[in-house]
Amino acid sequence: MSELRNIIVPLITVFGVIIIAMSMAAGLIWLERRLLALWQDRYGPNRVGPFGLLQVLADLIKIISKEDWVPPFADAAVFVVAPAAMFIPVLLTFAVISYTPGIAVTDLNIGLLFFLAMSSLTVYGVVLAGWASDSKYSLLGGMRAAAQMLSYEVFMSLSLMGVVMLAGSFDLRQIVEAQRGLWYVVPQFPGMLIFLTAGVAETRRLPFDLPEAEGELVAGFHAEYSGMKFALFFIEEYLGITLVSVLISVLFFGGWLGPLLPPLAWLAIKTMFFISLFILLRATFPRPRYDQLMSFGWKVMLPLALTNLVVTGGIILAAR
Amino acid sequence: MISLLKGMWQVFLHTFRRRVTIQYPEHVDYLPPRWRGRIILSRDPDGEERCVACYLCAAACPVDCISLQATEDAHGRRYPASFRINFSRCIFCGYCEEACPTDAIQLTPDFEMCEYDRQNLVYEKEDLLISGPGKYHDYNFYRVAGISIGGKDKGEAERESPPIDPLGLLP
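Line by line, the protein sequences give chains A and B. Numbering-wise (the numbering used here), the first sequence opens with residue 1 and increments by one. Numbering-wise (the numbering used here), the second sequence opens with residue 321 and increments by one.
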């Protein structure tokens, strides 16, 4: 009996996480359009179903029935693999997040490192997509994505090390438990800002969406993609937003910790707040020039992250 | 940094603004009478066709979407035997209305003319001709024009003097 439990409970968790993550990604398409419209004094999709919620379904039907086309000039094998190579690492990261004390797919003691590793792997998907498309705009988008994501990864990991030092663990559950007294957003406020910036850049969202900048590169690395492969890129983007929002809540805002409401509700509220913040960022800021993006990363954010690291380490040493 | 936050706050304040979108099929906005929409051919107050088939509208049309054929009735009144407007080409610029010497062709405040079949956008004369005078209620070209038709000779129009005999010697 207990053996059966040992199989079924993890299975339910795994599929529950996948289904919730995927439907979050789909629902975010609707949420983003509605919120952008709200902030631009429009309505957005409000025709299909209540509040336009079934727009997601309509989009899904449309995108599945689209022709799944591989350009004759493309490197077909890599072209097909690239969306999956981008999509799978992001989905894998959801496995190491502990959503409540009890719900987690796996309690990896190096969960945070796993996240950093997986977010590096998504770069391959972008670069391969840009390269395999064999078109100049795709290639430019891929190259930009590679440079941008590598540069911003450097201080993204550095910004998280302050949290790791304070909690003394890479395990996300222990990081949350260590925040029982005080959320890490207070001692690690610069770290939070740096991680937020890096998170926006890692998910290639506005204002750091230079790899797919519509105005200059058509659609960047996914210009040649259509149908379900194109949809995979988009689901990956929205999964990435969800992931970064969950991680900010877990690492800096106490994850599931909170009074009255059940733990999962607290995590959901915090995550939704940061998702909305992402969309607000998109609604507000124009896209910087590419050299501005790079110099901002290397000359501002990296020194800031290092300073944060040194100061945090110094304070911990002095307090010991 | 402060300016970035200020910008985000300003955008966030739009949450509480009124939305400017007009929910079209439920709420139809007011269209002024001079709105350039569906083209019609009007009739004069007596119920006769105003169009004299002068081809000026077809000549003025920048996209050549108007084609017509002139003919004459028993009274000597010119009228179009056929009048065709291809609305899949029409850009609703209103030049035909400006060119029309008899106020026959008019643009109306109606734009709901979608069709599933492109061929249905070609309007024939019976589709264009309406039973009323359109925007100009009292205007009747033949009653003010100095042209003679059956039942009205030269000099019999409103505010028109009798014709002068150019060969006469009187001052």
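Since the hints were made in silico from the structure, they are not lab data. This one's a predicted model, so the numbers in the text were calculated from it and none came from an experiment. The reader is advised that the hints may include incorrect statements.
[To be verified] Simulated restraints, written as ranges between beta carbons of each label pair: (1) B/Arg339 <-> A/Arg289: 54 to 62 Å; (2) B/Leu333 <-> A/Gly181: 33 to 41 Å; (3) A/Val186 <-> B/Arg339: 45 to 53 Å; (4) A/Ala265 <-> B/Phe431: 31 to 39 Å; (5) B/Met433 <-> A/Pro50: 53 to 61 Å; (6) B/Tyr436 <-> A/Arg289: 42 to 50 Å; (7) A/Arg287 <-> B/Phe431: 32 to 40 Å; (8) A/Val48 <-> B/Ser408: 46 to 54 Å; (9) A/Ala76 <-> B/Asp447: 26 to 34 Å; (10) A/Asp291 <-> B/Arg339: 44 to 52 Å; (11) A/Ile20 <-> B/Pro345: 51 to 59 Å.
[What the hints assert, rightly or not] According to the in silico footprint, chain B covers these stretches of chain A (three or more CB under 8 Å from chain B): (12) 40-52; (13) 279-288.
Cβ coordinates follow ideal geometry from the N, Cα and C atoms, glycine included.
Hint by hint, here is what the structure shows:
1. B/Arg339 <-> A/Arg289: 54 to 62 Å: violated (33 Å)
2. B/Leu333 <-> A/Gly181: 33 to 41 Å: The hint (33 to 41 Å, Cβ to Cβ) holds, given that B/Leu333 and A/Gly181 are roughly 35 Å apart.
3. A/Val186 <-> B/Arg339: 45 to 53 Å: About 38 Å separates the Cβ atoms of A/Val186 and B/Arg339, which means 45 to 53 Å is violated.
4. A/Ala265 <-> B/Phe431: 31 to 39 Å: violated (49 Å)
5. B/Met433 <-> A/Pro50: 53 to 61 Å: Violated, since B/Met433 and A/Pro50 (Cβ atoms, about 32 Å apart) do not stay within the stated range.
6. B/Tyr436 <-> A/Arg289: 42 to 50 Å: holds (47 Å)
7. A/Arg287 <-> B/Phe431: 32 to 40 Å: For B/Phe431 against A/Arg287, whose Cβ atoms are near 36 Å apart, the range 32 to 40 Å holds.
8. A/Val48 <-> B/Ser408: 46 to 54 Å: violated (29 Å)
9. A/Ala76 <-> B/Asp447: 26 to 34 Å: This hint is violated: roughly 53 Å between Cβ atoms.
10. A/Asp291 <-> B/Arg339: 44 to 52 Å: violated (38 Å)
11. A/Ile20 <-> B/Pro345: 51 to 59 Å: violated (36 Å)
12. 40-52: Holds: 4 residues of the stretch 40-52 of chain A have a Cβ under 8 Å from chain B.
13. 279-288: holds (count 5)
Checked against the numbered hints above, the structure violates hints 1, 3, 4, 5, 8, 9, 10, 11; every other hint is satisfied.
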